[in-house]
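If you read the protein sequences in the order shown, they are chains A and B.
To convert, note that position 12 of the first sequence is 12 in the working numbering; the numbers rise steadily by one, no gaps.
To convert, note that position 194 of the second sequence is 194 in the working numbering; the numbers rise steadily by one, no gaps.
In short, the hints are calculated from the structure, not lab data.
Idealized CB from N, CA, C, for every residue including glycine.
Hints are not guaranteed to be accurate.
As the list claims (entries may be wrong) - Covered stretches of chain A (chain B as the covering partner; in silico rule of three or more C-beta atoms under 8 Å from a C-beta of chain B):
#1 96 to 103
#2 124 to 138
#3 142 to 156
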Amino acid sequence: MHYLANPARFQRIMTAIRPWAGGIALVCLIAGFGWGLLFSPPDYQQSETVRIMYLHVPSAWMGMFIYAGMAVASAVALIWRHPVAELAAKASAPAGAAFTLVCLITGALWGQPMWGTWWVWDARLTSMLILFFIYLGYMALWEAFDDPSRAGRAAAILALVGAVNLPIIKFSVDWWNTLHQPASVLTMEGPKIHPDILWPLLLVAVGFKAYYIWLLALRVRAEILERQARMLRFAAASDGQPG
Amino acid sequence: MSAFWAIVQRDLRINLGAQGAALTTILFFVLAISLFPLGVGPEPQLLARISAGVIWVAALLAAQLSLDRLFQADHEDGTLDLLARAPLPLTLTIAAKLLAHWLGTGLPLALIAPLLAIMLQMDSAALPALLLALLLGTPSLSLIGGIGAALTLGARRGAVLVPLLTLPLLIPVLIFGVGAVEAAATGLSASPHLLLLGAFLALALVLSPFAAAAAVKLALE
Chain A
1 MHYLANPARF QRIMTAIRPW AGGIALVCLI AGFGWGLLFS PPDYQQSETV
51 RIMYLHVPSA WMGMFIYAGM AVASAVALIW RHPVAELAAK ASAPAGAAFT
101 LVCLITGALW GQPMWGTWWV WDARLTSMLI LFFIYLGYMA LWEAFDDPSR
151 AGRAAAILAL VGAVNLPIIK FSVDWWNTLH QPASVLTMEG PKIHPDILWP
201 LLLVAVGFKA YYIWLLALRV RAEILERQAR MLRFAAASDG QPG
Chain B
1 MSAFWAIVQR DLRINLGAQG AALTTILFFV LAISLFPLGV GPEPQLLARI
51 SAGVIWVAAL LAAQLSLDRL FQADHEDGTL DLLARAPLPL TLTIAAKLLA
101 HWLGTGLPLA LIAPLLAIML QMDSAALPAL LLALLLGTPS LSLIGGIGAA
151 LTLGARRGAV LVPLLTLPLL IPVLIFGVGA VEAAATGLSA SPHLLLLGAF
201 LALALVLSPF AAAAAVKLAL E
């Protein structure tokens with residue numbers, strides 16, 4: 001934990017990981033999308049429309065996974081005043097929001113031919129929409145302060161409050177209304193879908209995870225450099241002052 | 001404990017006084033609700049169908065109005081610094097301020113809501129459920145809202161930011177609050193919804209003063 005708290009050491013590790021993460025992402029995404037979009041069988045009910053799922057489902061997983069990662073990073077940042085964890089949480093939010101948005105848009109594109117409507121106020125759609133709003137609120141809070149250390153800790157508290165509340169929101173929305181199909185991959189009896197569909201799905205999911213790590217490495221590096229630039233600007237400004 | 005009640009009294013006095021937001025909040029609540037019949041039409045069946053949702057959404061929005069001033073005024077004139085140095089733990093100070101906020105806004109909203117519900121043609125069997133649900137739900141609005149208000153203390157555009165942060169977190173209150181009223185209107189028992197509202201309140205009561213106090217401490221550093 002503390003080993004990673006040194007931004008320079010963290011940067012070295014992330015620079016070493018980055019090409020690997022990028023490579024794995026590229027290979028998995030090409031293989032997964034190629035298999036899923038070109039070679040997997042069409043569904044007997046949904047025909048070709050089912051292929052939207054190869055983008056939709058992994059995006060939904062990532063939307064939730066990144067929030068969980070953000071909440072853990074925020075807890076680490078608050079408890080140990082871990083500077084890099086704070087930046088990792090900040091760098092994760094736009095990625096999480098983007099995946100959530102992709103999930104919502106692809107869901108709407110699939111819903112139009114299948115359910116006959118772009119949007120229904122179903123439990124899963126609604127809870128993804130709320131997750132998207134929570135990401136936006138988190139990013140807005142980061143932008144609302146001039147002092148980055150104040151912004152970082154306020155945002156970390158918000159991420160943790162959201163993490164406590166998200167399961168409650170999820171269950172309350174589930175009881176409220178449900179139309180979306182129930183989970184079919186992570187069930188107690190094992191996956192309920194055919195391997196020809198499951199494998200490309202998992203490949204895309206792994207590809208997205210690797211892409212996220214690649215993106216995180218890049219964004220955290222940018223954040224660290226930006227903070228250094230800020231410090232240098234302050235130092236230059238105070239050197240210019242007499243006394 | 002006398003310090004706790006002194007803070008409640010002081011905040012309540014400010015809240016109900018000429019500069020306070022209590023009266024404005026209630027006026028907003030009444031006005032927002034009376035816009036709906038003008039917007040959707042005066043048919044009694046339609047109004048009865050949407051009355052629970054309209055009242056709850058209006059209550060959620062009205063509670064947001066006064067939130068940005070909850071700590072801001074005390075922060076600007078330095079009162080908050082003194083309160084933070086007082087022997088009373090900051091968590092309790094915050095809890096006292098949140099209680100005063102609820103007494104000044106949430107409680108009057110809940111008490112006036114049955115009257116507005118009658119104007120919206122709500123089934124009279126549902127009125128006790130509405131009152132109980134609002135009495136259990138509005139404290140959660142103040143508690144969760146207090147976290148948002150504390151987090152945005154000293155932020156740019158704090159007033160716009162608070163609803164953006166807190167409204168998504170308050171969705172369970174809306175769902176169970178409306179659920180209680182609709183269950184009572186259709187002759188079912190409202191108690192499951194009321195119990196869930198109570199559970200949410202219990203959780204918020206335990207967690208929110210700590211989170212808000214941590215956020216206020218940040219602002220005072």
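Tested hints:
1. 96 to 103: Contact hint for the stretch 96 to 103 of chain A vs chain B: violated, 0 residues under 8 Å.
2. 124 to 138: Contact hint for the stretch 124 to 138 of chain A vs chain B: holds, 5 residues under 8 Å.
3. 142 to 156: holds (count 6)
In terms of the numbered hints stated before, the structure departs from hint 1 and from no other.
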